[in-house]
Amino acid sequence: MDLKDLYRDVILDHNKRPRNFGVLAVPPAHEARGANPLCGDTLRVWVQLDGERITDVKFEGKGCAISVASASLMTEAAIGHTVAEVQAQFERVHNVFTHHDAPLDPALGKLAALAGVRDFPARVKCASLAWHTLNAALAAATAGQPAATPPTVQTE
Amino acid sequence: MTTASPSGALPALPFSAEEVTALRADFPILHQQVNGKPLAYLDNGASAQHPRSVIDAEADYYRHDHSNIHRGVHTLSQRATDAFEAARHKLQRFINARSEREVILTRGTTESINLIAQSWGRTFLQPGDEILVSRLEHHANLVPWQIVAGQTGAVVRPIPITLEGEVDFQGFLDLLTPRTRVLALAHVSNSLGTINPVEKFIAVARERGIVTVIDGAQAVPHMAVDVQALGCDFYAFSGHKLFGPTGTGVLYGREALLEAMPPWMGGGDMILEVRFEGTTFNTLPHKFEAGTPNIAGFIGLGAAVDYVQQAGLGRIAATEEALLHYATAQLQAVPGLRIIGTAPNKAAVISFVVDGIHPHDLGTILDQEGVAVRTGHHCAMPVMEFFDVPATARASFAFYNTPAEIDQLVGALHRARELFC
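So the protein sequences, as listed, match chains Z and X. Quick note: to get the numbering used here, add 105 to the position in the first sequence (first position is 1). Quick note: to get the numbering used here, add 31 to the position in the second sequence (first position is 1).
If you are wondering where the hints come from, they were derived from the structure by calculation, not from laboratory data. Keep in mind that a hint or two might mislead.
Straight-line alpha carbon distances no greater than 16 Å define the calculated EDC-like cross-link-like pairs of lysine to aspartate or glutamate that follow [said to hold, decoys possible]:
#1 Lys121/Z to Asp398/X
#2 Lys68/X to Asp398/X
#3 Lys167/Z to Glu449/X
Okay, the calculated bits of chain X under chain Z, using three or more residues with CB under 8 Å as the criterion [claimed, not checked]:
#4 392 to 399
#5 405 to 412
#6 415 to 426
Residues of chain Z placed beyond 10 Å of chain X at every Cβ, according to the derived structure [to be verified]:
#7 Leu111
#8 Pro123
#9 Val131
#10 Arg158
#11 Gly168
#12 His204
Here a beta-carbon is modelled for each residue, glycine too, at the ideal position from N, C-alpha and C.
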């Protein structure tokens, strides 16, 4: 294992300069909150939909480089795609995090940079928090839940 | 002999180089590679390592003497009982309790404090009574009080701390009211290392009849503790921070208080006579020890007490102080590093953050360099909130640590900065 497998340049760059860092107005956007009670990381993710298409995603939060970079890369991978496409991407990412030897699907694109966490089991939840939070926000948005009560996701 | 020069020159240690080598040889776990680097175990505040004598005491007990205690008339049961009670006797002398009746054996500090809260607290606290808990406390000396406050209508009030990480004595005095019933205070802060002058707090509390509960988990491995000299009502600590097995702990309580308290768990061993019409409880200390305890663990803890006393608590404390001074000087020289908790009187614990690097990233990078430190909120979230950090990295030292291991930590921090900054 090499530290550079985990902290690739893409990860370090997105940690230093997170993309789509900020808030969206609710409504029309939907929000979900994520927390990792073990390490104290907290995250808020906002999504805005136009029908099936995700027109914008933003996030805010405090966390380690892995969690910030994962959230930042995730926003880039989600904006402009349909809910179904992002859910498929979520499955691919989840598969990478939890299967040590799974081959990297070319459809992951830039998200393949996150693959290093599988060699650091203690850090997988850092990388997955943003994705679970986005999923909860999408579920709330597509179910037409009232935006005033954002769902909360906890990883353990 | 305990000060390093400001430039961080190697400190003079109370143990000779040969003695350090011999001491380290007693701890088999220290001699291994982690991620291809020699292990530098700097997480002693979370759990200390075990000398061979402790490991052997447990194993020998299982090989030769194991049976249940306080029950059979057969030879093994008698041997097991004798060894278990001999461990209690060692622990009693170790903290200078008046008698073995004042030494309750528990699973750890957490259980000890829950026992006080649920037995003493639930019986004697009234609605509106006030429980003073310092802001420095480990969750184990806060949450049990919140629970019993919810059950009784009592109120938990936080004693403020200073920017240096000391409990504010004047702030404590200002909080005292006729309704103050309990003072819950750490002897040594687990997250910052601050050694609290608990005697001063206890003296004031005693004058007012306030029950004093001292969390000694981080204190007993580092200094001689005399519960009679401290004058506290309760003192709790864990075996595994004292180089003993996990799942062992002690609750010291003043006999008069323990006598007045009801049992908090019912079962075997804590009774004299059981009938459906009613049950007579056992005498102290057994009244609070329901069920079969961690017999082997306490025999191991007895061996740990022997080990510590043989090494000498004075020399242990002096070694740790020298390591603390050296590590403080070395860490302060790392660019962007900030030490959280700068009390003048500290145990060998250093909590720190580094600009631009989250503590969890630090933890992973240090581990790749063979250095084990704790990262996170250290079960002291109110402390993290006070210093406005989500988490810290914490290096905590034992007498078997060396200046070379501190150099390894500093080298790993430079590696982290190369990667991130």
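Results of checking the hints against the structure:
1. Lys121/Z to Asp398/X: Violated, at about 22 Å.
2. Lys68/X to Asp398/X: holds, 9 Å
3. Lys167/Z to Glu449/X: The hint is violated at about 22 Å.
4. 392 to 399: holds (count 4)
5. 405 to 412: It holds, with 4 qualifying residues against the three required.
6. 415 to 426: holds (count 3)
7. Leu111: Per Cβ check, Leu111/Z is inside 10 Å of chain X; nearest 7 Å; violated.
8. Pro123: holds, 13 Å
9. Val131: Non-interface label on Val131/Z holds, nearest chain X Cβ at 25 Å vs cutoff 10 Å.
10. Arg158: Given that every Cβ of chain X is farther than 10 Å from that of Arg158/Z, nearest at about 34 Å, it holds.
11. Gly168: violated, 7 Å
12. His204: His204/Z is indeed farther than 10 Å from all Cβ atoms of chain X, at 21 Å.
Consistency note: the structure conflicts with the earlier hints numbered 1, 3, 7, 11.
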